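Asker: Now for the letters of each chain:
Protein chains: 2
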Amino acid sequence: MQMRAVIFDGAGGTEVIRLGEVPKPAVAPGQVRVRVHAAALNRADLMQRRGRYPAPPGWPSQIPGLEFAGEVEAVYRDDATRWTPGDRVMGLVGGGGQAEYVVVGEDELIPAPEGMALSDAAAIPESFLTAYDALVVRARLREGERLLIHAAGSGLGTAAAQLGRRIGAAMLGTSRSAAKLARAAVFGLSGIDTSEGGFRDAVHEPVDVILDVLGGAAFRDNLELLAPGGRLLLLGLLAGSSAETDLQLILRKRLEVIGTVMRPRGAGERARLAREFTDAVVPLFEHGVLVPVVDRVLPVEDVRQGHEALEANDTFGKIVLSWESDD
Amino acid sequence: MQMRAVIFDGAGGTEVIRLGEVPKPAVAPGQVRVRVHAAALNRADLMQRRGRYPAPPGWPSQIPGLEFAGEVEAVYRDDATRWTPGDRVMGLVGGGGQAEYVVVGEDELIPAPEGMALSDAAAIPESFLTAYDALVVRARLREGERLLIHAAGSGLGTAAAQLGRRIGAAMLGTSRSAAKLARAAVFGLSGIDTSEGGFRDAVHEPVDVILDVLGGAAFRDNLELLAPGGRLLLLGLLAGSSAETDLQLILRKRLEVIGTVMRPRGAGERARLAREFTDAVVPLFEHGVLVPVVDRVLPVEDVRQGHEALEANDTFGKIVLSWESDD
Numbered sequence: 006m007q008m009r010a011v012i013f014d015g016a017g018g019t020e021v022i023r024l025g026e027v028p029k030p031a032v033a034p035g036q037v038r039v040r041v042h043a044a045a046l047n048r049a050d051l052m053q054r055r056g057r058y059p060a061p062p063g064w065p066s067q068i069p070g071l072e073f074a075g076e077v078e079a080v081y082r083d084d085a086t087r088w089t090p091g092d093r094v095m096g097l098v099g100g101g102g103q104a105e106y107v108v109v110g111e112d113e114l115i116p117a118p119e120g121m122a123l124s125d126a127a128a129i130p131e132s133f134l135t136a137y138d139a140l141v142v143r144a145r146l147r148e149g150e151r152l153l154i155h156a157a158g159s160g161l162g163t164a165a166a167q168l169g170r171r172i173g174a175a176m177l178g179t180s181r182s183a184a185k186l187a188r189a190a191v192f193g194l195s196g197i198d199t200s201e202g203g204f205r206d207a208v209h210e211p212v213d214v215i216l217d218v219l220g221g222a223a224f225r226d227n228l229e230l231l232a233p234g235g236r237l238l239l240l241g242l243l244a245g246s247s248a249e250t251d252l253q254l255i256l257r258k259r260l261e262v263i264g265t266v267m268r269p270r271g272a273g274e275r276a277r278l279a280r281e282f283t284d285a286v287v288p289l290f291e292h293g294v295l296v297p298v299v300d301r302v303l304p305v306e307d308v309r310q311g312h313e314a315l316e317a318n319d320t321f322g323k324i325v326l327s328w329e330s331d332d
Numbered sequence: 006m007q008m009r010a011v012i013f014d015g016a017g018g019t020e021v022i023r024l025g026e027v028p029k030p031a032v033a034p035g036q037v038r039v040r041v042h043a044a045a046l047n048r049a050d051l052m053q054r055r056g057r058y059p060a061p062p063g064w065p066s067q068i069p070g071l072e073f074a075g076e077v078e079a080v081y082r083d084d085a086t087r088w089t090p091g092d093r094v095m096g097l098v099g100g101g102g103q104a105e106y107v108v109v110g111e112d113e114l115i116p117a118p119e120g121m122a123l124s125d126a127a128a129i130p131e132s133f134l135t136a137y138d139a140l141v142v143r144a145r146l147r148e149g150e151r152l153l154i155h156a157a158g159s160g161l162g163t164a165a166a167q168l169g170r171r172i173g174a175a176m177l178g179t180s181r182s183a184a185k186l187a188r189a190a191v192f193g194l195s196g197i198d199t200s201e202g203g204f205r206d207a208v209h210e211p212v213d214v215i216l217d218v219l220g221g222a223a224f225r226d227n228l229e230l231l232a233p234g235g236r237l238l239l240l241g242l243l244a245g246s247s248a249e250t251d252l253q254l255i256l257r258k259r260l261e262v263i264g265t266v267m268r269p270r271g272a273g274e275r276a277r278l279a280r281e282f283t284d285a286v287v288p289l290f291e292h293g294v295l296v297p298v299v300d301r302v303l304p305v306e307d308v309r310q311g312h313e314a315l316e317a318n319d320t321f322g323k324i325v326l327s328w329e330s331d332d
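Chains as they are written, first to last, in my numbering: chain A, 6 to 332; chain B, 6 to 332.
Think of the hints as simulated: they come from the structure by calculation, not from any bench.
All of these numbers come straight from a predicted model, not from anything done at the bench.
There may be inaccurate statements among the hints.
Unchecked claim - Pair ranges (Cβ atoms, derived): (1) B:Gly273 with A:Gly273: 34 to 40 Å; (2) A:Ala184 with B:Gly63: 33 to 39 Å; (3) B:Gly63 with A:Gly245: 39 to 45 Å.
Stated by the list, open to error - Among chain A residues calculated to face chain B with C-beta under 10 Å, some are: (4) Arg205; (5) Val208; (6) Phe224; (7) Ala232; (8) Pro233; (9) Leu239; (10) Leu242; (11) Gly245; (12) Ala248; (13) Ile255; (14) Arg259; (15) Val262; (16) Ile263; (17) Thr320.
We treat Cβ as the ideally placed atom computed from N, Cα and C, and that holds for glycine.
The whole structure should be built from the sequences, with the hints applied where relevant.
Answerer: Structure, rendered in structure tokens:
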């Protein structure tokens, strides 16, 4: 049995992307197979396409895609499982999400919020699991604390802002786009436009938690802006990976610098997070407290156009690829 | 009413140290006054003497001393308190410990282990509270993990080694003294002699937790030695405060860099830690699982000699100053 999938033929520009046919993956014990309705693009896909972010061991190396939403199509033989064919689900994978079918450990699946289109649900897993893990699990963000979010118009940024608002944090966000900041303001975030300079002088009071995807020169500014007991979550290095560090700041203010990426995590850790997220966060989508932010939904045939839009940095929220004309 | 105390007259060498008379401190609501029997020296006292580590606000600025053991002498009027004059206690303070009397919040006191001389108990608070807070509370060290302890012959190092052994960690320790490493081996620690070079090439497997008082150039080596999910506890900067950092290591391995110092902590945090330590750690001293490591006990009149010995770095464990000829 064959299925269609987005395939990277080598490393390079968008010319290496094609839609092709690959074998439909088999279901092993403890796994379920999901028919994917929609799968969002991520910046990690661009890095993978350029050959700079290979899939971790155990995941498809040529098929990109870190998240998906769809319907359970098959479970392993007579395995006892909580899933039934037809269940609406979503999830995070180490690769292979941008295909007609994906095989996932049953404990790593998350029910799609009731009443939500699967093309919206596909924009949830990477952003909201990452933001939840970073802000709630790792940074232990508390009501009344001050939160600074870099790249506030990104999928991660808008997810973090919604979770931060729910927790009751006072929020600041940076972006090089005034238009994105204006849109992010709806989530209760005060904007800092960094199109013409840094952010440090625009932050007038120390902050308790920083969600950073920049690294590089921003690292030092982040350490300086943190209040005693502050936590810096490092989730990306868009501004570079080398930083001159004043360790006195870390010691004297008793800071925590926490590196966190989702993709290399093992099954146990993915399952724990999926369970916690199902209980604590999925209901918030059903009650309208949280919303996935979708920039646009493209038919999967337009995947190259999706890469170009993300590369041009003119998106607000997620670009979702849809396999279903009727979804 | 006057009392005797160690006093720093300005900043400089040991010539600024004298024993003098100062007013006996009054007891405010929620506080108790302790007659100090013994108080240990710390490297922080040397830094304070040189004018580089002033006492935090609210603590005596001229009287050094971060830890003490003694007997409760007075409680505030008729306050309900769990302490009674004569109770044997120990504790951590932001300053003023090297005096005949010290006034402490009642919740910050810890009972001295039963059957232990107060001159031994005086060597417990700073080392063991710091090591407990770092390894157990902050780093969440687990059985079977690999722990690297820098400056393994110090009071903190020997306390950390004992706690690490109790938790069931595999332990490595560095020191520039082969003699100190030989003595530290009794706590189950494999020694790395750094008298002639670095430690990185001597560590052949990644480690999960590092207790570091060095900083500086050791920072990069520490990050490289950590396993995925590893935690680096930064407690001192003996090797300098500036470090070129490869943020990729922090991000990719999902590391945590945690700065931690005791001295600036507020009353609430001190009280929480004292309570937890009383329940979880004090019994281990009473059962002989943990032992304070005392290099020597000096009469307080020899405080200058104590500074010189600590400065010469030829101590193993704590130098304790005793106010009591009969203790």
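Asker: Now, for every hint given, state plainly whether the structure supports it.
Answerer: Checked hints:
1. Checked against the hint of 34 to 40 Å, the C-beta distance between B:Gly273 and A:Gly273 comes to roughly 35 Å, which is consistent with it.
2. Under the hint 33 to 39 Å, the C-beta atoms of A:Ala184 and B:Gly63, about 49 Å apart, miss the expected range.
3. Hint check: B:Gly63 to A:Gly245, Cβ distance near 42 Å, so the stated range 39 to 45 Å holds.
4. Among the interface hints, the one on A:Arg205 is violated; its C-beta lies about 18 Å from the nearest C-beta in chain B, farther than the 10 Å criterion.
5. The restraint placing A:Val208 at the interface with chain B is violated, with a minimum CB-CB distance near 20 Å, outside the 10 Å limit.
6. Given the 10 Å rule on beta carbons, the hint for A:Phe224 holds: about 6 Å separates it from the nearest Cβ of chain B.
7. Checking A:Ala232 against chain B by beta carbon gives a least distance of about 13 Å; that is not within 10 Å, so the hint is violated.
8. For the restraint placing A:Pro233 at the interface with chain B, the shortest Cβ-Cβ distance is roughly 7 Å, inside the 10 Å limit, so the hint holds.
9. Hint status for A:Leu239 relative to chain B: holds, with the closest Cβ pair at about 5 Å, below 10 Å.
10. Of the supplied interface hints, the one on A:Leu242 holds, with its beta-carbon coming within about 6 Å of a beta-carbon of chain B, less than 10 Å.
11. Hint status for A:Gly245: holds, given a least beta-carbon distance of 8 Å to chain B, under 10 Å.
12. At about 5 Å, the closest approach between the beta carbon of A:Ala248 and any beta carbon in chain B falls short of 10 Å, and the interface hint on this residue holds.
13. Proximity of A:Ile255 to chain B holds as hinted, the smallest CB-CB distance being about 4 Å (cut-off 10 Å).
14. At its closest, the beta carbon of A:Arg259 sits 5 Å from a beta carbon of chain B; the interface hint therefore holds under the 10 Å criterion.
15. For A:Val262, the interface hint holds, the least distance from its beta-carbon to any beta-carbon of chain B being 4 Å, beneath 10 Å.
16. For A:Ile263, the interface hint holds, since its Cβ comes within 10 Å of a Cβ in chain B; the closest pair sits about 5 Å apart.
17. Given hint, A:Thr320 at the interface with chain B, is violated; its Cβ is 23 Å from that chain's nearest Cβ, farther than 10 Å.
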